[in-house]
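A.B. asks: Letter by letter, the chains look like this.
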Amino acid sequence: MPAKPILEARGLTKTFRAGGAMFGKQFQAVKGVSLAVSPGETLSVVGESGCGKSTLARMLVGLETPDEGEILFKGEPIRRDRALRRQVQMVFQDPYLSLNPRRTVLDIIAEPLDVHGLARGAARRQRVEELLSAVGLDPAAASRFPHEFSGGQRQRIGIARALAAEPSVLVCDEPVSALDVSVQAQVVNLLIDLQKRLDLAIIFIAHDLAVVRAISQRVMVMYLGRAVEEGAADQVLVTPNHPYTVALRGSALEPDPARARLARGTAARGEPPNPVDPPPGCRFNPRCSRATDVCRQTEPAMESRPGLSAVACYHPVASHELAGAA
Amino acid sequence: MKEQAEQRPVLSVSGLDVSFRTLRGEVKAVSDVSFDLRRGEVLALVGESGSGKSVTTRAVMGIVRGNAAISARRMELAGNDLLTLGEDAKRKLRGSVISLVFQDALSALNPVLSIGDQLGELYRTHLGVSRKEARERSIELLRSVHIASAERRIDDYPHQFSGGMRQRILIASAIALRPDVLIADEPTTALDVTVQAQILDLLDELREELGMAILLITHDLGVVARSAERVAVMYGGRIVETGGVDAMFAAPAHPYTAALLASAPSIETVERLEPIKGSPPNLIAPPPGCAFNPRCTHAGELCTKIRPELVTSAPGRSHACHYPLVEIAHAG
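Going line by line, the protein sequences match chains L and R. For the first sequence, the residue numbers in this note's numbering are 1 to 326. For the second sequence, the residue numbers in this note's numbering are 1 to 332.
Only chain R is shown next, with the shape it has when bound in the complex:
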């Protein structure tokens, strides 16, 4: 723990704002988001649809589409200042220093190129190796994500693989150049239950092998519990709570985190579920004060007037709530 704390983060984001201009008004998709990702750790960004978790990672990758306005106080990736870096230089970082695994492997792979061509292209363009060497490296890569008889399957096309295999191939292409940071955006959502667990195991294994950091984007608290060390919970475009997985799941400080945990059913016990009333906020006209206040069972008079800032309550833990559920500093 101590060593990690002293280490410089491999990815550091501070004060990130992303807004989109739409016909109906400005949508503030991400507001004042800050986080540090340390080498070799898994940080989960958790939230429901529209919470801003995917837009956050796309802003970091520099691949936000549409008429978006992006600003930040700091965005640093492995010693590179992403705010001042030119487009060409940023493109070189993508793939080699930071890469992304999408949810939908079928649409992320090119259907008319063989797997060998798609993986080999990475090595040839980024490392300038020969066709022959690119092919050999691609076979090695497929082995590392446990594709059986890789030397035979290298010439197959994406449709010849099952969903789980395609996700493995997508992961292979993301780690081909041994990036420092892997962003996994709902990497298992489209997969069958038994295959989901296999893919999470694979990500664990590769992280250990390559020492890369993983930014895991998910809506699934089960995925967080299994794979992450730290969590940042997002709601309405803002981070509302951060902390270690164990501490936060055991004693959430923000009522939204608590409500999310309470609404998740468990296999072991049968209790009436406690849903969160209402639905997530409209980001064109978010509620005044805390964005969660209309759905919050603990809301007090401050909540509709003043937006709570994210405050550090204990080492590694912070929350944005006027009336947090636990006084972490004393509990810790």
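Okay, chain L solo, but in the shape it has when bound:
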């Protein structure tokens, strides 16, 4: 197990002002979320839309400024330090929107080199060609444009760009959800291989539990801006303890007809509520079959439990109950 975290976040909180019908109201997209990731390790953050996972990712790479809390790189605050910020790079979800269509692949991948003044001229081109081969593309692709590539190839270009400044941490926001199944696996394997080769720490934002299982050592589950369960990947995904994680797990569609049919009719109740107007107490209580009075009044704090995942729940689901339910 890798010991010392390279990137750490403590008590991150981000509040936005709502627009539209809820104009003027504030909502907490992320509230008090802490995490740590070590070199060579992947921490996945999973949850449904509105849970705050993308806002969390954007704070980690400096695209949003947290209202509260701090982000540490090797123990040092990362906020305004460009050299430290360079160490944390992002791979975006949509490989069609995140690459400038009017620039060549060379200029796209070299952008971090230009921004941080890392390489020029022949060295710049050589570095880009190295990066292209590292992500499994032909170095000759450098002079072509994004539209000449398929979705999977574009995501490889996005990964090459993120790696250009030699970061130690990669934050990937739903990097494979826009790709076809057969191509998804290529990109997941590429990330795993690059991680091994470069000893990268990866924060992988996703909603697909099966993809998460394939890539991560640890998993954090978010619901309406809060972390609700965190722990080793097999613990959280195979024997989840928070009722929300159990519901997510039960809703996951697996390509196994016998198992999938068992899951028919067991879908979680309701939908994630509007984050502008969250329920009091535990934010999952209106959808939770185990909710009691305390859940409706006081929000539970995240508690670590020896040998088990950490959960923010008054009535966690025990593993023997899971076996009975399945």
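Do not rely on the hints blindly, as some may be mistaken.
To be clear about the criterion: a stretch of chain R counts as covered by chain L if any three or more of its residues have a C-beta under 8 Å from a C-beta of chain L, and this derived list gives those stretches [claimed, not checked]:
1. 195–204
2. 213–226
3. 244–257
4. 276–289
Simulated from the structure, these hints should not be mistaken for lab results. None of the values given here were measured: they were computed from a predicted structure. Glycine included, each C-beta is placed from N, C-alpha and C at the ideal position.
Once you've looked at the hints, dock chain R against the given chain L.
C.D. replies: Frame of chain L, contents of chain R only:
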């Protein structure tokens, strides 16, 4: 099983070709696609982007846009010959005999009409009922797709509903006239995981209640496993394998089906994923022989020369491959 086999299919398509003329050449989006859909069953058309699954269903619905050339040997819907039927008659079938649920509920609903007006319009134009009766029926309809306090929400507009609710409303409008065939084109792709499962449960329930057949279009093998009985796998505009869900998932015959299953990760176990190398074919200039041959790990010398025909290997199962992975006839 036996009863079903003797029943006439409610939708029967044979030898469907759809091609588009583009500036760069002719794109053969769908080639020689045939399938039968029986009353009350769920048939899944599975494939990746560009496999032709959506174009196939749009051709059946008669709503292919652009300069498309469509031809078929047979296209029959509940006793109607779609190949000879006039445009007006076809329009009458849409909604009442066959209807479609799209992926994106927000763009499929009219933002400036209340839900009651949109659903009521169906009853008033197709059945000629009064405004009052249309409203009552619409409320009933919303209840059947489990929209809480339907009598109050009937006057709300689409933006006042969540994504999952909007998908329920879209399904409500598709089943309003109790069609024989429901085409569900990626009905859950845009939804959150927990809501996805709810919508699939709803489709199951409605199918049982109304006895309609569902043609489920999806790229997600998990959706197929949960909801379908039979599958047709499409690749490069053609059906490459058909069969019952259990049999095919347990022992796929076509290397593409096998590769697709192997590339899907599982929550239970961690194994290195086996991606399919390369990317789907360019349909303007598809590879010679089998369209899958450049990506196939089992390809032999025939594969680049002769395109394999879809052959029946066992009752209910067929594949288009020179070197199938399992000899189904013996295994069966």
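A.B. asks: Give a verdict on every hint.
C.D. replies: Here is how each hint holds up against the structure:
Taking a C-beta to C-beta cut-off of 8 Å, the segment 195–204 of chain R contributes 7 residues in contact with chain L, enough for the three needed, and the coverage statement holds. Coverage of the segment 213–226 of chain R by chain L holds [criterion: at least 3 residues with CB-CB distance below 8 Å; count 8]. Restraint check on the segment 244–257 of chain R versus chain L: 3 residues with Cβ-Cβ distances below 8 Å, three needed, restraint holds. Counting residues of the segment 276–289 of chain R whose CB falls under 8 Å from any CB of chain L gives 4; the rule of at least 3 is met.
In summary, this structure violates none of the numbered hints.
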